[in-house]
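Asks: Those protein sequence lines, which keep their order, are chains A and B.
The first sequence lines up with residues 15 to 452 when you count with our numbering.
The second sequence lines up with residues 15 to 452 when you count with our numbering.
All the pointers check out, no bait thrown in.
Computed far set for chain A versus chain B, every beta-carbon distance over 12 Å:
{"#": "1", "residue": "Ile201"}
{"#": "2", "residue": "Ser225"}
{"#": "3", "residue": "Ala302"}
{"#": "4", "residue": "Ala339"}
{"#": "5", "residue": "Ala344"}
{"#": "6", "residue": "Gln346"}
{"#": "7", "residue": "Leu350"}
No farther apart than 20 Å at their CA atoms in a straight line, the calculated lysine to any residue pairs in the SDA-like style are these:
{"#": "8", "chain 1": "B", "residue 1": "Lys184", "chain 2": "A", "residue 2": "Asp56"}
{"#": "9", "chain 1": "A", "residue 1": "Lys184", "chain 2": "B", "residue 2": "Val25"}
{"#": "10", "chain 1": "A", "residue 1": "Lys400", "chain 2": "A", "residue 2": "Gly430"}
{"#": "11", "chain 1": "B", "residue 1": "Lys394", "chain 2": "B", "residue 2": "Gly430"}
{"#": "12", "chain 1": "A", "residue 1": "Lys184", "chain 2": "B", "residue 2": "Ala55"}
{"#": "13", "chain 1": "B", "residue 1": "Lys401", "chain 2": "B", "residue 2": "Arg353"}
{"#": "14", "chain 1": "A", "residue 1": "Lys401", "chain 2": "A", "residue 2": "Gly430"}
{"#": "15", "chain 1": "B", "residue 1": "Lys184", "chain 2": "B", "residue 2": "Glu381"}
{"#": "16", "chain 1": "B", "residue 1": "Lys184", "chain 2": "A", "residue 2": "Ala55"}
{"#": "17", "chain 1": "B", "residue 1": "Lys183", "chain 2": "B", "residue 2": "Arg51"}
{"#": "18", "chain 1": "A", "residue 1": "Lys183", "chain 2": "B", "residue 2": "Ala55"}
{"#": "19", "chain 1": "A", "residue 1": "Lys96", "chain 2": "A", "residue 2": "Gly305"}
{"#": "20", "chain 1": "A", "residue 1": "Lys183", "chain 2": "B", "residue 2": "Val25"}
{"#": "21", "chain 1": "B", "residue 1": "Lys183", "chain 2": "A", "residue 2": "Ala55"}
{"#": "22", "chain 1": "A", "residue 1": "Lys394", "chain 2": "A", "residue 2": "Gln348"}
{"#": "23", "chain 1": "A", "residue 1": "Lys394", "chain 2": "A", "residue 2": "Glu291"}
{"#": "24", "chain 1": "B", "residue 1": "Lys310", "chain 2": "B", "residue 2": "Asp323"}
{"#": "25", "chain 1": "A", "residue 1": "Lys400", "chain 2": "A", "residue 2": "Val356"}
{"#": "26", "chain 1": "A", "residue 1": "Lys400", "chain 2": "A", "residue 2": "Asp352"}
{"#": "27", "chain 1": "A", "residue 1": "Lys96", "chain 2": "A", "residue 2": "Lys252"}
Simulated from the structure, these hints should not be mistaken for lab results.
Note that CB positions come from ideal geometry on N, CA and C, so glycine has one too.
Number of protein chains: 2
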Amino acid sequence: MNTTTEPFAAVEVIAAKRDRNVISDPMIDWVVDAYTRGIVADEQMSALLMAILLNGMNPNEISRWTQAMINSGERLNWSMLKRPTADKHSTGGVGDKITLPLSPLVSACGASVPQLSGRGLGHTGGTLDKLESISGWRADLSNQEMLAVLESCGAVICAAGAGLAPADKKLYALRDVTGTVESIPLIASSIMSKKIAEGTGSLVLDVKTGSGAFMSDPERARELARTMVQLGVAAGVKTVALVTAMDVPLGLTVGNALEVRESVEVLAGGGPADVVELTLTLAREMLAIAGISGGKDPADALKDGSAMDVWRKMIKAQGGDPDAALPVAAHQEQVLADRDGVIANLDALSVGVAAWRLGAGRSRQGERVQAGAGVEIFAKPGDTVKKGQPIMTLHTDTPERFARALEALDGGWSVGEKTAPRMPLILDRIGSQDGHIN
Amino acid sequence: MNTTTEPFAAVEVIAAKRDRNVISDPMIDWVVDAYTRGIVADEQMSALLMAILLNGMNPNEISRWTQAMINSGERLNWSMLKRPTADKHSTGGVGDKITLPLSPLVSACGASVPQLSGRGLGHTGGTLDKLESISGWRADLSNQEMLAVLESCGAVICAAGAGLAPADKKLYALRDVTGTVESIPLIASSIMSKKIAEGTGSLVLDVKTGSGAFMSDPERARELARTMVQLGVAAGVKTVALVTAMDVPLGLTVGNALEVRESVEVLAGGGPADVVELTLTLAREMLAIAGISGGKDPADALKDGSAMDVWRKMIKAQGGDPDAALPVAAHQEQVLADRDGVIANLDALSVGVAAWRLGAGRSRQGERVQAGAGVEIFAKPGDTVKKGQPIMTLHTDTPERFARALEALDGGWSVGEKTAPRMPLILDRIGSQDGHIN
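Could you build the full structure based on these sequences and the hints that come with them?
Replies: Here it is in structure tokens:
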């Protein structure tokens, strides 16, 4: 693969990391760029990724790798906006619909929110999949359309264009088929390259931990959070991370249209307590880091309808009808309490996999999802129930899916004498002060 | 890549080794076979190879992996021969022409020697490249031609056909471009899958160590030797390994025709002492392990011309003319002693790289080599020299190569007061007794 015009050979870079050496800045710049250009082959990059996964990267290597991925594409710029920009990213969880109420809420309180989002894969849902259950709503906007929605509404939620960090897109697809996903340096650089390329001035990260999260171990979640905060700060983006619970589903709905319904409830001043609490906490973090103080408190913006106004305007600006009835699945099945008692546990992973199997998620990129499919929850850990009372309703358009969804739930919930210990909603906050991550 | 008809997904196998688990027998059988069939992609196999390189394989995994590679192709069978078969493999060294005199010698002493060999890549030469400097000699024989030469001469040296361990051929090419060559389990299984598929009843391994060897560290060389002996024994092949010195070139010639000339000198009862000693030692090991005792001693077969008779017959049987003059390079340049004294050192790697750069070796598979190119040595460590006396003659058809060859030699030899410490020619012998490798 090495030709006289290339400064390195792929094997040199692979061998350096394989032998536990530091990869130099010029090597990192070259290997990411050469991979994007097709000079470094997939089989060479996957060997390097496995060496990175097993031997790690130091903070400078991770930062340079991230920068190289940003440099592979365009970098958006929102300096023409009058208001400071604030963005949020979640590592993904079961029932995590927070972006939906959060973006209009933060806009209503004074920041611009250019929220570029993704689709779901596996047991965690994708923000775009959820919003696409709204009749007419379009995820794919040109940069010009994105700017127009941002200027008129103060918030936009749309798909990240192909021009942002193309190296990351190629690497992400490769990691998926080569067992090289579970590396903190690679996860952190993938997320942060996209977020930094999106051009936000400040960023709040919601790093999930617990059974339903990608990082089930809180210590690994903290490490991921610290790594991402370092990367943001190094790139000049004000960044803070919360480590939050994903041992139990967020809220009472898991599934695309079901989660939109719940998000609208929150915007209307209602909604489940945990969703409201996390939405408000993240909104306050975003406003603080964007330097907005003394304005309207997010709790008031939910009560007075101003967040709902932004939501409706934003949905309309992207072709959606905020008043259209949401899709409902054709078939339902109930899960009933098998005894009197309290809900002892309700495992996020089990519910996430059940919703996925019901048709709310996809197994392969490009697969269609069912808008109405998912799980509606009626009782959460600590709630008292009577035998025969519905605990969950499963929704799907394809009733042959019920059996495997019920299998996923088997052992994932129980009624007992008392509630099992669970995580606090917010486990940790990692920010940077004078360049120190803490 | 996983389809309903495949028992595993590639990512499962990769993740098992990545997470330091043992890969099960069915997984190994499947992944090697599926890679050969193109179901497992190059980028998946290279990630697995890197995980194997960094996390290792246990003896059962290595043995199963080897067997799976053997099963990917045909396995030769020499049971129709009247005499026991003995084969030898060297891991490659500078000036290592031992196969040339050894094969006819062992045949002259009573064993059949089906010696399937390779071409050179990098600074170590290939047996087939050397023999091809003999006018008319053909390396590529059908299985039937191979058998005919073996029956008429008792020895054959030819190219391994494409039908032997095709999985290894594909893996070898992949490892070369993905930085996954330097793994003892992968090296051992690659060598042994070919050797076992070649169908020999007994095998003597010459594992080189020192600067000019692939395994410069003697401890790693011993580990490779032990691993290969275990694999041979597990597959029912009587196997013994010698660990031998490659800190200084073997003999006094490095290069294709130059090494044929020296081999013929050995067969004529002369030749450099180290080449003769290693040839005799390996011949005695091969005869012993093949169960041949009380026959002609190899030293006598060199003296009485019987080994030379087999050589001439074997070369003729493969279309070569043993009496034809060997090619001589068009240009020569001498390296002279810069002072009076003794040769303190003569580094194998430096001389190997010099010969390679002069045109004796290739940088890419398929490249042509120069028959006459190489290095002729006149003084070895311990020899007394006078200032201005020739130490080496460099040979090439392309004189613009002299400068870079001289660069490679710079610092690779010196004249001083006394000889630097050097390795004994034979460092270790690893055999198996009652299933124990020792």
